[in-house]
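**Q** Residue strings, one per chain:
There are 4 protein chains.
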Amino acid sequence: METPIYQLEFKVRDYECDLQGIVNNANYQHYYEHTRHEFLLEHAVGFDEMHQQGIDFVVARVEINFKTPLHSKDTFLSTLNLHHDGIRYCFHQKIYRLPDMKLCNIAHVDCVILDNGKLVPNCPIVDELMVSLQK
Amino acid sequence: METPIYQLEFKVRDYECDLQGIVNNANYQHYYEHTRHEFLLEHAVGFDEMHQQGIDFVVARVEINFKTPLHSKDTFLSTLNLHHDGIRYCFHQKIYRLPDMKLCNIAHVDCVILDNGKLVPNCPIVDELMVSLQK
Amino acid sequence: METPIYQLEFKVRDYECDLQGIVNNANYQHYYEHTRHEFLLEHAVGFDEMHQQGIDFVVARVEINFKTPLHSKDTFLSTLNLHHDGIRYCFHQKIYRLPDMKLCNIAHVDCVILDNGKLVPNCPIVDELMVSLQK
Amino acid sequence: METPIYQLEFKVRDYECDLQGIVNNANYQHYYEHTRHEFLLEHAVGFDEMHQQGIDFVVARVEINFKTPLHSKDTFLSTLNLHHDGIRYCFHQKIYRLPDMKLCNIAHVDCVILDNGKLVPNCPIVDELMVSLQK
Chain E
26 METPIYQLEF KVRDYECDLQ GIVNNANYQH YYEHTRHEFL LEHAVGFDEM
76 HQQGIDFVVA RVEINFKTPL HSKDTFLSTL NLHHDGIRYC FHQKIYRLPD
126 MKLCNIAHVD CVILDNGKLV PNCPIVDELM VSLQK
Chain W
26 METPIYQLEF KVRDYECDLQ GIVNNANYQH YYEHTRHEFL LEHAVGFDEM
76 HQQGIDFVVA RVEINFKTPL HSKDTFLSTL NLHHDGIRYC FHQKIYRLPD
126 MKLCNIAHVD CVILDNGKLV PNCPIVDELM VSLQK
Chain V
26 METPIYQLEF KVRDYECDLQ GIVNNANYQH YYEHTRHEFL LEHAVGFDEM
76 HQQGIDFVVA RVEINFKTPL HSKDTFLSTL NLHHDGIRYC FHQKIYRLPD
126 MKLCNIAHVD CVILDNGKLV PNCPIVDELM VSLQK
Chain R
26 METPIYQLEF KVRDYECDLQ GIVNNANYQH YYEHTRHEFL LEHAVGFDEM
76 HQQGIDFVVA RVEINFKTPL HSKDTFLSTL NLHHDGIRYC FHQKIYRLPD
126 MKLCNIAHVD CVILDNGKLV PNCPIVDELM VSLQK
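Chains as they are written, first to last, in our numbering: chain E, 26 to 160; chain W, 26 to 160; chain V, 26 to 160; chain R, 26 to 160.
If you are wondering where the hints come from, they were derived from the structure by calculation, not from laboratory data. Hints are not guaranteed to be accurate.
For identical chains, the list gives no copy identity; a pair is met inside one copy or between any two copies.
Stated by the list, open to error - Each computed DMTMM-like pair below joins lysine to aspartate or glutamate, with the alpha-carbon atoms no more than 25 Å apart:
#	residue 1	residue 2
1	K143	E34
2	K127	E88
3	K92	D73
4	K143	E27
5	K127	D110
6	K98	D110
7	K127	E63
8	K92	D135
9	K160	D99
10	K36	D140
11	K143	E74
12	K36	D110
13	K92	E67
14	K160	D125
15	K127	D152
16	K160	E88
17	K98	E74
18	K127	E153
19	K127	D81
20	K160	D140
21	K98	E153
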């Protein structure tokens, strides 16, 4: 298993659970998005500031495989890895229930960069960040 | 009972229900917000276009009295009245379950107008709209 | 292109848009879920009633390819097809912007059936529904 | 100012912000709900376990006064006080932006207790909790 370059701890909030008593699927996209944004922010890349400068990180594709549902009161760890493949920044993300580290689900999220609405191949500030992480 | 100047029909979506099996309270604010925006839009006042022009409708106060919860599969009617009181646009809103018209909850939502972040006493386009409705 | 067996019209609600001014990605999972539930409901299969009988439709995998974002005020059509593959009910879903029918995104959502928490190969009521649709 | 009996720190998540670039109003109800549930949980009162035993905490009335909006990246403190008034458990809640402790909004949330769907005057486990807090 690849060592994650970033991880963030969460706790399930009851409003995220649906009438089946488990976290509604769409909320995992929220957890994964928040993890990506916090990761970028830790490296001084602000999602809203980039947007104000005309640079948007846009999700092109998301795939989530669900293994074990999360319930009310669960805490969990959201981990992240990142690769650059062509014009896509590919985030490999996982959610593990705490404290038993049971794998809950796995996501592959591909993002592309829009510069004032036009697709561009890369985002220099994110590339620098990736180089610095490889050292 | 005052005749509403606008009404909109909705259907509960399952993801809006929480683990109690009823619509989560916060979603009523969503229903009421969407009703206000659709009302304004019907009179050619677009919430996002106003925002792009620096004019923001901002909620200053919301009060909701909950009478009867909505469940999965329920359809309902969301009604609206509007008064201007000082610098506040006061929306009186109600949600009735269909088809029995059982009153589910009642909201008072006071909005103020920000022009490039500064509080202003009124929004001319909304005032015109209100005059036209009184005819 | 395969003819969809079900379709449902929606309108974007402003609270579904994020600070980029477009519909937040997670909301597409909501749109797709609501479309599946409405489809089942039209064939007298209620998601909450199944849950009360111990039968849960659970998403095992979701893949969404995003082409064109939806904005405030957009209306759109959500279409659905369904196949049974092993123990998975595979929903092929698409969202088209109206009225120009521009393809916004494509989803593959695989569901499995839990009977009182245990994985079972099929759900008789859904199988009957699928047979009836093929006639 | 009354000293809060409970407080919880949060960070704004970008998906909670709307196209105005500020936290959407409905999310404050989510923050306040999560604060109430965490407070109860700290005293061994689980919202979902109560529900499974037929006891539901239901919001009867919510009033929120909005002073200052929260933005992307803000952290904030959510505080809580609780009084029992007739059949209502009245939560007095506030949200302060960190680190400057600017008051963002104030909520009064009245909850009632349903025992298998019937209104009851009190919940013994919560009453015990309140007595223990006064010592």
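**Q** With reference to the structure, classify each hint as holding or not holding.
**A** Going through the hints against the structure:
Taking CA atoms no more than 25 Å apart as the test, K143 paired with E34 passes in neither setting, with 34 Å inside one copy and 29 Å between copies. For a Cα distance limit of 25 Å, the shortest separation of K127 from E88 qualifies both inside one copy, at 19 Å, and across copies, at 22 Å. Taking identical chains as interchangeable, the C-alpha atoms of K92 and D73 lie at most 25 Å apart only when they sit on different chains, with a minimum of 22 Å there against 32 Å within one chain. Proximity of K143 to E27 under the C-alpha cut-off of 25 Å is found in neither arrangement, the shortest distances being 33 Å within a copy and 31 Å between copies.
Within a single copy, K127 and D110 get their C-alpha atoms no closer than 29 Å, and across copies no closer than 27 Å, so neither meets the 25 Å cut-off. In this assembly of identical chains, K98 and D110 lie within 25 Å of each other by CA distance neither inside one copy nor across copies; the values are 37 Å within and 29 Å between. Both within a single protomer and between protomers do K127 and E63 lie at most 25 Å apart by alpha-carbon distance, with minima of 23 Å and 23 Å respectively. When the C-alpha separation of K92 and D135 is checked against a cutoff of 25 Å, the pair qualifies both within a copy, at 21 Å, and between copies, at 12 Å.
Taking the closest pair of Cα atoms, K160 and D99 never come within 25 Å of each other, the shortest separation being 35 Å inside a single copy and 31 Å across copies. Taking identical chains as interchangeable, the C-alpha atoms of K36 and D140 are never at most 25 Å apart, the minima being 35 Å within one chain and 27 Å between chains. In the homo-oligomer, the alpha carbons of K143 and E74 lie at most 25 Å apart both inside one protomer (18 Å) and across protomers (22 Å), since each shortest distance falls under that limit. Within a single copy, K36 and D110 get their C-alpha atoms no closer than 32 Å, and across copies no closer than 31 Å, so neither meets the 25 Å cut-off.
Neither within a single protomer nor between protomers do K92 and E67 lie at most 25 Å apart by alpha-carbon distance, with minima of 29 Å and 29 Å respectively. Taking the shortest alpha-carbon separations for K160 and D125, neither the intra-copy value of 31 Å nor the inter-copy value of 37 Å comes in at or below 25 Å. Taking the shortest Cα distances, K127 and D152 never come within 25 Å of each other, neither inside one copy (32 Å) nor across copies (33 Å). For the identical chains of this complex, K160 and E88 are neighbours neither inside a copy (29 Å) nor across copies (33 Å), given an alpha-carbon limit of 25 Å.
Proximity of K98 to E74 under the C-alpha cut-off of 25 Å is restricted to the inter-copy arrangement: shortest distance 10 Å between copies versus 33 Å within a copy. In this assembly of identical chains, the alpha carbons of K127 and E153 never lie at most 25 Å apart, being 33 Å within a copy and 36 Å across copies at closest. Taking the shortest alpha-carbon separations for K127 and D81, only the inter-copy value of 21 Å comes in at or below 25 Å, while the best intra-copy value is 34 Å. For the homomeric pair K160 and D140, neither the shortest alpha-carbon distance inside one copy (28 Å) nor that between copies (48 Å) is at most 25 Å.
Within a single copy, K98 and E153 get their C-alpha atoms only as close as 38 Å, which misses the 25 Å cut-off; across copies the closest is 22 Å, which meets it.
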